[in-house]
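Asks: Note that full-length UniProt numbering has the sequence shown beginning at 1, numbered continuously upward.
In short, the hints are calculated from the structure, not lab data.
Glycine is no exception: its CB is placed at the ideal position from the N, C-alpha and C atoms.
One or more of the hints may lead you astray.
[Stated by the list, open to error] Here are the computed lysine-lysine pairs in the PhoX-like style, where the Cα-Cα straight-line distance is at most 25 Å:
1) Lys-428 - Lys-262
2) Lys-58 - Lys-17
3) Lys-461 - Lys-531
4) Lys-428 - Lys-413
5) Lys-531 - Lys-697
6) Lys-432 - Lys-413
7) Lys-374 - Lys-29
8) Lys-461 - Lys-371
9) Lys-289 - Lys-371
10) Lys-293 - Lys-118
11) Lys-17 - Lys-432
12) Lys-371 - Lys-29
13) Lys-150 - Lys-49
14) Lys-461 - Lys-615
15) Lys-428 - Lys-12
16) Lys-697 - Lys-7
17) Lys-568 - Lys-552
18) Lys-339 - Lys-293
19) Lys-289 - Lys-332
20) Lys-621 - Lys-546
21) Lys-371 - Lys-332
[Said to hold, decoys possible] Label pairs and their calculated CB-CB ranges:
22) Arg-3 - Glu-158: 43 to 49 Å
23) Pro-334 - Tyr-382: 18 to 24 Å
24) Asp-165 - Lys-386: 22 to 28 Å
25) Ile-556 - Phe-695: 22 to 28 Å
26) Lys-339 - Asn-32: 25 to 31 Å
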Amino acid sequence: MERVIGKSYPVKDAALKVTGQLKYVSDLKPQNVLHAKLLLSPVAHAKIKSIDVDEALKVEGVRAVATHLNSSNIRYNGALRFFEHDIPKDEAVFNKTVRYVGDRIAAVAAETIEAAEKAVNLIKVEYEELPAVLTIQDAIKEGADLIHGKTNKIAEMEIDAGNVDEAFEECDNVFEDEYNVPAIHHGAIETHSVIAHYDYNHNLTVYTPCQNTFAFRIILSQIFEMPLHKIRVVRPAIGGSFGGKLEMTIEPVAAVLSIMTKRPVKLVLNRKESIIATRTRHGAYVKIKTGVKNDGEILAQNIEIYTNTGAYASSALNVMGALSHKVYKVYKIPNMRFKGIPVYTNTPIAGAMRGYGSPQVFMAQQAQIGKIAKTLGLDLTYVQEKNSAEPDSVDVRFNAPLGNPRILDCIEKGKELFGWDEKKRLPKEEEKYYRGVGMAIGAHGNGVFGAHRDVITLTLKLNEDGTATLITGVHDMGNGVATMQTMMVSEVLGIRPEDVETYEADTDACTFNLGDYASRGVFVEGAGAKKTAEKLREMILVEAEKLMEVPKENLILEDGLVVNKEDKNQSKTLSDVAVFTQSKSLKELSVVESFSSPAGITSYGVHFAEVLVDKETKKVKVENFVAVHDVGTVINPMNLQGQLEGGIHMGLGYALSEEVNFDEKGVPLNDEFTSYKMLRANEMPDIRIHFVDGFEKDGPYGGKSIGECAVVPSAPAVANAVLDATGIEVHSLPIKL
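The whole structure should be built from the sequences, with the hints applied where relevant.
Replies: Put into structure tokens, the structure is as follows:
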């Protein structure tokens, strides 16, 4: 049997998706289900003086109306990850003080969605409006109006390595710049949806396309003061997420209404509601100071970043903590200082989104590197190569190895595929356009080693016919994590991937997984599947030794057989072994195994962009794009290609067109896809991708992730190309010349 690792396999549910047989929450129709609709705040900041629901309750078919007056007021944080996770708890199911346009005020459950919508429109609310703070700069200024507590700053995180102040004194050149990046929408095809059912046995079951079923169970237990064994969270198919469904949003609303009615309640948001009332990417304001020698060597860097967490803390601390680490893993800068401050504003809640803070901070860092190279008259790739981490480099904060970073290989291969040297020699100006090229480096971690409990526990069993069933807590969002796990099991057991089936993400059936975020897929969840399969393989060999009367050291698994490697004609099928174990050893071949991340390692990407800037309209068009990534061993080439191309699309939208913006009262101005501009397929450039040869010793079969790193370098590569084309520095996104 040929190796499975390194071969292309489609995602396991591909056929179900294209034939319409895969069931999403919207497709589920529980018996006796009620339909829910939300009432969202039309004002950015106000106290609710009164709520009158009398007319709403008179609508035929209405069975419940929930507000802060008749619902749990226990404070929680929708970004909680594990049982004792200590993060600010400032959310409630419904709020007496609303803090952004889109904040939840009330919800209706009715026999039909039409009745629920009619009733919501009849709810009368009297507001006492308060001043609204809409930008980071306004939130942090002296005397700013407060959104929570005594300050709009949630925390201040500081990290220092080396002697930054002394190093700046030794520099030939010091550059200081400021950058602003906006909040953006995730744009998943499936909007947020949930079904909750609280039954007469006082069990709460929630069906939600989320990325963290076990964490959601904990949050629901806190809100409703229920024991965990009475709560079940099930993940149906996920129609895209990109982090938007990692944090709890509307699930408590459906639960409240179901508790009130003892019937299943289904709540499906429309696009406008998903944009304004769930999560966005954090907007950010970055101040960066970098000191260099005349030859481009970077001696010191100071980064100060403020992130806009919106009206509630949510993942403010998680995101800031994550992005603070990644800037220390790209360059050999001996002296670095980082300061991060997440800030409340009266705008939609910010949360997890693909890249988890990396797109914001690398946009600033990489755009400034482009400026430095241009100012010093040096080739940008030369400056990058001179400073990039090498395989023996260390994280200067802890003097800890970085693993096996192959940034230099990525730059070299990218230059070749892109034709960097040739394109640099082309004329900058044409009749209608300015032409330019740029590149940027990005990085992202592989899990949350050292920050959270980076653990997955899996169950694997061998069936009587020699196939295998993997019970796993992963949440496949289209990223192929379940497919990857079956490949790991297949490789270890010597069977085909199609002979491994997965049962996924049900808190009553699966064992614990920390959740699908932080690009944990290959490095943690894949390694967990490999370790679990290896334990089952050992059990199979022990039983096969009895059946075949051959020492297990002489037995191997291949092509669904247990084979005597010293006499290939002597073999038994896995089915034979499974049946023997049941009938003679009187047990099943099954295993439950836990795996925890052994290290905090990083994936890297280098992106190259060629742009045309229209002289008249100033519109930027990306003509050609090359992306080269270090993912260690390539596990599934087809999957990696899809992940990377999707990440580039998201990154180019961030660069050129996407933002959630507001009027002076905090009302979103582009809350539909007609006004929120995502790039269409015909606006995408020609893309070429490549993965450098590498092996990450701590990764399963040497592999590591691609998912989030895929998006990180795209926007600054375009920004640096615009600088090359026009001489105009890009200090904010989306790019507007």
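Asks: Evaluate each hint against the coordinates.
Replies: Against the structure, the hints:
Straight-line distance between C-alpha atoms of Lys-428 and Lys-262 comes to about 68 Å, which puts the hinted pair past the 25 Å bound. With a CA separation close to 41 Å, the supplied pair Lys-58 and Lys-17 exceeds the 25 Å bound. Annotation: proposed proximity of Lys-461 to Lys-531 holds, straight-line Cα distance about 13 Å (limit 25 Å). A threshold of 25 Å between alpha carbons decides the hint, and for Lys-428 with Lys-413 the separation of about 24 Å falls inside it, so the pair holds.
Pair hint Lys-531 plus Lys-697 holds up; C-alpha atoms about 15 Å apart against a cutoff of 25 Å. For a cut-off of 25 Å, the pair hint linking Lys-432 to Lys-413 is broken: about 31 Å separates their Cα positions. Only pairs whose Cα atoms come within 25 Å are accepted, and Lys-374 paired with Lys-29 is rejected, the gap being roughly 60 Å. Our distance criterion of 25 Å between C-alpha atoms is broken by Lys-461 and Lys-371, whose separation comes to about 57 Å.
Proposed proximity of Lys-289 and Lys-371 is supported: the alpha carbons are some 12 Å apart, at most 25 Å. A hinted pair counts as satisfied when its Cα atoms are at most 25 Å apart, and Lys-293 with Lys-118 does not qualify at roughly 67 Å. The suggested pairing of Lys-17 with Lys-432 is violated, with an alpha-carbon distance near 44 Å, which exceeds 25 Å. Restraint check for Lys-371 and Lys-29: the C-alpha separation of about 56 Å exceeds 25 Å, so the hint is violated.
A hinted pair counts as satisfied when its Cα atoms are at most 25 Å apart, and Lys-150 with Lys-49 qualifies at roughly 23 Å. Distance restraint check for Lys-461 and Lys-615: the Cα-Cα separation of roughly 64 Å exceeds the 25 Å cut-off, and the hinted pair is therefore not satisfied. Distance check on the hinted pair: Lys-428 and Lys-12 sit about 47 Å apart at the alpha-carbon level, beyond 25 Å; violated. For the proposed pair Lys-697 and Lys-7, the alpha carbon gap of about 20 Å is at most 25 Å, so the pair holds.
For the proposed pair Lys-568 and Lys-552, the alpha carbon gap of about 14 Å is at most 25 Å, so the pair holds. With a C-alpha separation of about 24 Å, the suggested pair Lys-339 and Lys-293 falls inside the 25 Å cut-off, and the hint holds. Proposed proximity of Lys-289 and Lys-332 is supported: the alpha carbons are some 16 Å apart, at most 25 Å. Pair hint Lys-621 plus Lys-546 does not hold up; C-alpha atoms about 67 Å apart against a cutoff of 25 Å.
Proximity of Lys-371 to Lys-332 is assessed by CA-CA distance (about 19 Å); at most 25 Å being required, the pair is judged to hold. In this structure, Arg-3 and Glu-158 meet the distance hint of 43 to 49 Å, their C-beta atoms being roughly 47 Å apart. Between Pro-334 and Tyr-382, the C-beta spacing of about 20 Å keeps the proposed range 18 to 24 Å intact. Distance hint check: the CB atoms of Asp-165 and Lys-386 are about 23 Å apart, consistent with the given range 22 to 28 Å.
Between Ile-556 and Phe-695 the beta carbons are some 23 Å apart, a value that agrees with the proposed interval 22 to 28 Å. At roughly 54 Å, the beta carbons of Lys-339 and Asn-32 sit outside the given window of 25 to 31 Å.
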